[in-house]
Amino acid sequence: MEITRVDLAAAAPVTHPEYFDGAVHMQPLFVPDRDGEESELVAVFFAPGARTRPHVHDSAQVLHVLSGSCVVADEAGRQVVPAGHLVVVPRGVWHWHGATADGPMVHISIKLPGRTRWDVPERDWAAR
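Last residue of the sequence shown: number 195 in this note's numbering, and the count goes up by one each step with no gaps.
Quick caveat, the hints were computed from the structure, so don't treat them as lab data.
Watch out, some of these pointers could steer you wrong.
[What the hints assert, rightly or not] Taking CB as the label site, the calculated pair distances span:
(1) V147 / V73: 26 to 32 angstroms
(2) I70 / E142: 35 to 41 angstroms
(3) V147 / E69: 31 to 37 angstroms
(4) D125 / L153: 16 to 22 angstroms
(5) G159 / L75: 27 to 33 angstroms
(6) D100 / L75: 33 to 39 angstroms
(7) W185 / L75: 20 to 26 angstroms
(8) P95 / R145: 24 to 30 angstroms
(9) G144 / E69: 35 to 41 angstroms
(10) I70 / E189: 36 to 42 angstroms
Ideal Cβ placement from N, Cα and C applies to all residues, glycine included.
Please model the complete structure; the sequences and the hints are all you need to start from.
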């Protein structure tokens, strides 16, 4: 058994900054031995206004908002999700997520096995 505290001091800047806009740090909580074979659990710390670029997962992704407000967007539009709520993004759904401009946000990302595709259309992502 392993007990871990979600803590920005234990996080590092993202390893692929091209997939993000703004300051984002990640704290791996559970990383599979081999990429894509097991679920992945990561705490993600977004500075105000920081967000992911649009992407699609081969499997579902669950976001648990721990603090702040999370902006999530899919083809239907944008929504603001407060702390304490979960977002379930079904597999194959174009989406992005991040912090509102008003303040930082932390969420836990639970990604089921499968790859993430970042080579998708940006659509209205650039509009603030």
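Taking the hints in turn, this is what the structure says about them:
no., hint, result
1, V147 / V73: 26 to 32 angstroms, "21 angstroms, violated"
2, I70 / E142: 35 to 41 angstroms, "39 angstroms, holds"
3, V147 / E69: 31 to 37 angstroms, "33 angstroms, holds"
4, D125 / L153: 16 to 22 angstroms, "20 angstroms, holds"
5, G159 / L75: 27 to 33 angstroms, "32 angstroms, holds"
6, D100 / L75: 33 to 39 angstroms, "26 angstroms, violated"
7, W185 / L75: 20 to 26 angstroms, "24 angstroms, holds"
8, P95 / R145: 24 to 30 angstroms, "28 angstroms, holds"
9, G144 / E69: 35 to 41 angstroms, "39 angstroms, holds"
10, I70 / E189: 36 to 42 angstroms, "39 angstroms, holds"
The structure shown violates the earlier hints numbered 1 and 6.
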